[in-house]
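**Q** Chains as they are written, first to last, in my numbering: chain A, 2 to 396; chain B, 22 to 250.
Please note that the accuracy of each hint is not assured.
Stated by the list, open to error - Covered stretches of chain A, going by a simulated chain B footprint (3 or more residues, C-beta under 8 Å):
no.: 1; region: 7–13
no.: 2; region: 48–57
Claimed, not checked - One-sided excerpt, in silico: chain B residues whose CB lies under 7 Å from chain A:
no.: 3; residue: ASP79
no.: 4; residue: VAL101
no.: 5; residue: TYR117
no.: 6; residue: LEU119
no.: 7; residue: GLU134
no.: 8; residue: TYR152
no.: 9; residue: ARG160
To be clear, the hints were calculated from the coordinates, so they are not data collected in a lab. Just so you know, these numbers come straight off a predicted model, no measurement behind them. No residue lacks a Cβ here, since even glycine has one placed at the ideal position from N, Cα and C.
So the chains spell out like this:
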Amino acid sequence: MRLLLALASLRRNRARTLLAVLGVAIAAAMLLDMVMLSTGMRESFRQLLLSRGFQMRLTPRGTLPFDTEASIAGATAITDGLRARPEIDLVSPVLGASVHVLRGDSSITTFAVGVDPSAQGDYQLASGRDATAPNSFVANDDFLRATNAKIGDTLRIAAGFDPQLRTHSGERALVLAGRARFLYLAAGQLAIAIPLRTLQEMTGAAREDRVSLFMVRLRDPGRIPDVKRWMRSALPAMDVISTADAMARVDERLSYFRQLSAILGAVSLIVGFLLVTTLVTVSVNERVGEIVVMRAIGVSRAHVVQQIVLEGTAMSVTGALLGTGLGLVTARYLNAILSRFPGLPAAIDFFLFQPRAAWTAIGLLTACGVLAGLYPAWRAASLPLARTLREEAVA
Amino acid sequence: MTVLVRARDVRRDYPLERDAVHALRGVSLEIVKGEYLAIVGPSGCGKSSLLNLLGAIDAPTSGTVEIEGRNVGTLGDREVTEFRLKHIGFVFQRFYLLPILTARENVELPMAEAGVPPAERRRRSAELLRYVDLGDRARHRPSQLSGGEQQRVAIARALANRPSLLLADEPTGELDARTGQEIISLFGRLNDDGTTVVVVTHDESLARAARRVVHMRDGEIVQDGVPHG
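Bound-form chain B, shown alone (with noise of 0.2 Å):
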């Protein structure tokens, strides 16, 4: 088994004006390929925190973290910025899609950003859209879209320069249960087809539906296993 991610004695402090709030308290943490791991734990306990360490987009006060064995700790801004945009994918609870962008053009975005010729991005962009079974929404914007269909667009989103590692923030914390169940049910699908998935949530069902189950508390992983129930 390769470890894709590892997280060691990781800390995470932000400063305030006479003190500092400890969000991670040495977390150390393997992510192997193609593992289905979902974080969980009460609000405040450090679970976006450790996403976004293990997601790169912050850097830890002390400890590393390696993806694919590189301290992403040690890159700049340049370097990370790339690093992210080829092997991250980030599904975010809000979805956050350019709202003057088609459902196509949000897919293709991080495409064009890497480079991808158009008649490329075309083709995977489609490809995607399929895939999450949006294929005839592809020149609606998100306003046009429901709160699940978004998401689905956002995580086709994610998945458009093929990451090795797919990080999602409280991906149905928006959505109504039928529709998060179907968030699931892609969740699962992609992990099935190979993909490394990182959920972090409150939801039973989701944490139910992955393989692996840590659990946090005060900054802290207190549990780690596979799912109950």
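Just chain A, same shape as in the assembly (with noise of 0.2 Å):
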């Protein structure tokens, strides 16, 4: 009976309760959305370096991987000496460079990563074959619309360039073997993987046994402490970065994101809570009568309050709900435009949609309807019965 009585409340005044229900999707929306982004990306991003399962990076000291043009030496017997480690299961040596794709007097230039395509952890084999040839090569969709490539094609690629000369030096016929996603490349950037030896090579002595960073995979992810103090006494010259150092730097570059989506978060809560209140407030002062007529034929106080918490509650459940759908419609749109975000992996997700956020925005709202309920309801439940039925007469 309460739930009909409080249903029937709400479908009274239709149109006020469904601007309000509308109001409290709106809020809910911008909560799920700021929840979203307040977790998602350092998820994503934690997804993305475990994605291939390597939980170390070791880089030139003083860098990230690929933040400069520092490489380090004696990559073959690094490679060695890690992949003889007991703890190591996978040992993946990346150099990073920019190339040119030579077309007659043009060329077009792409960033490439040297790996060994039987470790690399750097990108996913879409179609065709990996480069497993000395001369071959895979890109990604971004470079083969550029180039108007196909699997097949033999392409002209330089390592290097002159521009006092305008001469290319490096030079290579490559055949490009397949089509790839790169995991860790900003959206619209070219990018193409060479066998790492063929890259060494083209660049010339500079790059000679040298790599821009190792990816290691450990055989038990509980030796990561062991091993890193291992490293850090044997390879003084590199930074080794665990999975766990590498979220404790985004944590502090994404600072900024996470109290924006907090405070806005809290806006959108505080707005569905008084939006709750006020109507369930202005709701309950337009029948003062009928409720206290209810209390007068024997309706308990806890019954009253219950119907009216009810109300508060059915409104923003409701909200919440359109509001979750709303939300990921919304993040869906916006993640797009700040996927484009420059120097940003393609891959990063800003909003990455968690079931524990969802439940987190409804829930929250839910206690704020319960919460915005209560005190009107107590207001209501609290009227002095002789004199507001008198009052009531009277008006």
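Assembly of the complex is requested from the two constituent chains, each provided in isolation within its own frame, with the hints serving as guidance.
**A** Rendered as structure tokens:
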């Protein structure tokens, strides 16, 4: 009966209830988006780092992967030394360089990674074959669009360019073996992957037996602290970055987003709360007579409170459910815009949907609905019966 | 004869900023089971204040009100609410039906509050609506009913939990003479069927229909006897 009364009360003024539910839905959508934003990017970055199972990165001291042109000498010996450790399951040496695809008088500059195809963790092959042959390479869709190249085509690619003489060096004819999706590159960035040895040869003596970073996968992730300690003592010229270290750096850089989303989330929650409180208060004030008569004929104070709280809760839950759908749609749209943020991997999601985020938003708004109904409910249930009946009769 | 209501030296003051309004000045009254009592008097004489005390929706400033042997002034909010629910039926001048519910649902409301099972509620509400000659209007909302019909639904609601005492505050006040007469007849029928009825009224024909009339003035009972005329 209480639920029937609550729903009937909401139906009494349909337009007002609808507007309130829409208002709550917008607040819920914003809250959900802010919860998704505050946790999504971090979680998305963590998933990206762990997507190929590599838990550690070794970079030239004081740099982040591909932040600078700095490289590590003696790559073969270091690779062998790392692979000899029983805790280490896989080592992927990676060299990054800019290369030029020669097309008559012009060229297209692209980013290239030199990898060991059997141990690489930079891309996922989408079609064709991997770049296992020394004169082969794989490329991403942006590269294929820019060059109009197709799998099987042979392209002339140079590693060096002298802008004064306008000549290229380290030129090779390479066969496009496959199409790949690169995990760590920004949206729209042209990229290819070449066997490491080939790229080292193309880049000449300056990059001979050098790499930009090592990616390391351990058999047991619990051994990360031990291996990190060993690496720091055995390889002092390098920074050892575990996924946890990288996440700490990401957290530092994303603190702005988190603060912004926390503030906007709190604002939307407060707006939702005030909206429901106002609407329930107005509705209660309109039917003071009815409420007092209900109390007079024997409806308990607790049941009056429950009925009014149910009204606020019903509005909040309906708004929150609608808002979840709305929030997911807007998050998708906003994500598409923010994914073009310069310097960030395209695979990063700013608004990563996590069921926990949705439950958090719905839960917070439901709690708000309950709290929003409590004040007007308490006021209505506390009205002095005789005096209010007299006032109502006079009115 | 069993005394159903006993009010002893009841006073009710409404405090103002510097003074107080003395609505009741030491009223004593006994109502026996099966009685049909009308309380009459000029506006502001304390009729409704007395009715509120007899119905346990207000507490006296001093004195006691016992209903079925229980001093209702000593009950807490929860107990007194439950007491009203199970022992007292109220009829108001302005009907006060919930506009969002049908006639049947309005009648079922006190029963639902009392924990009566749904099937029993439906059976009893249908029976009560037939009793007040509204068996065919059960699905109608208050806005689809005339004033007299709304008051009859309110009477059916007041009878829902088989109260031992039915209190009515100006029940014909909002009705035309003919419709008011129908309500007066209904109260007579209810009393004939054993319900104790107390009405506060300005309506002389309603007061004449009662078996006993209490006249009030300035917060006191000035006359208590059978109706004239």
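**Q** Work down the list of hints and note, for each, if the structure agrees.
**A** So, going through the hints one by one against the coordinates:
1. 7–13: This one holds; 4 residues, not fewer than the three required, reach chain B with a Cβ under 8 Å.
2. 48–57: violated (count 0)
3. ASP79: 4 Å, holds
4. VAL101: 9 Å, violated
5. TYR117: 4 Å, holds
6. LEU119: 6 Å, holds
7. GLU134: 5 Å, holds
8. TYR152: 18 Å, violated
9. ARG160: Since the shortest Cβ distance to chain A is 14 Å, the answer is violated.
In summary, the structure is inconsistent with hints 2, 4, 8 and 9 from the numbered list given earlier, while agreeing with the others.
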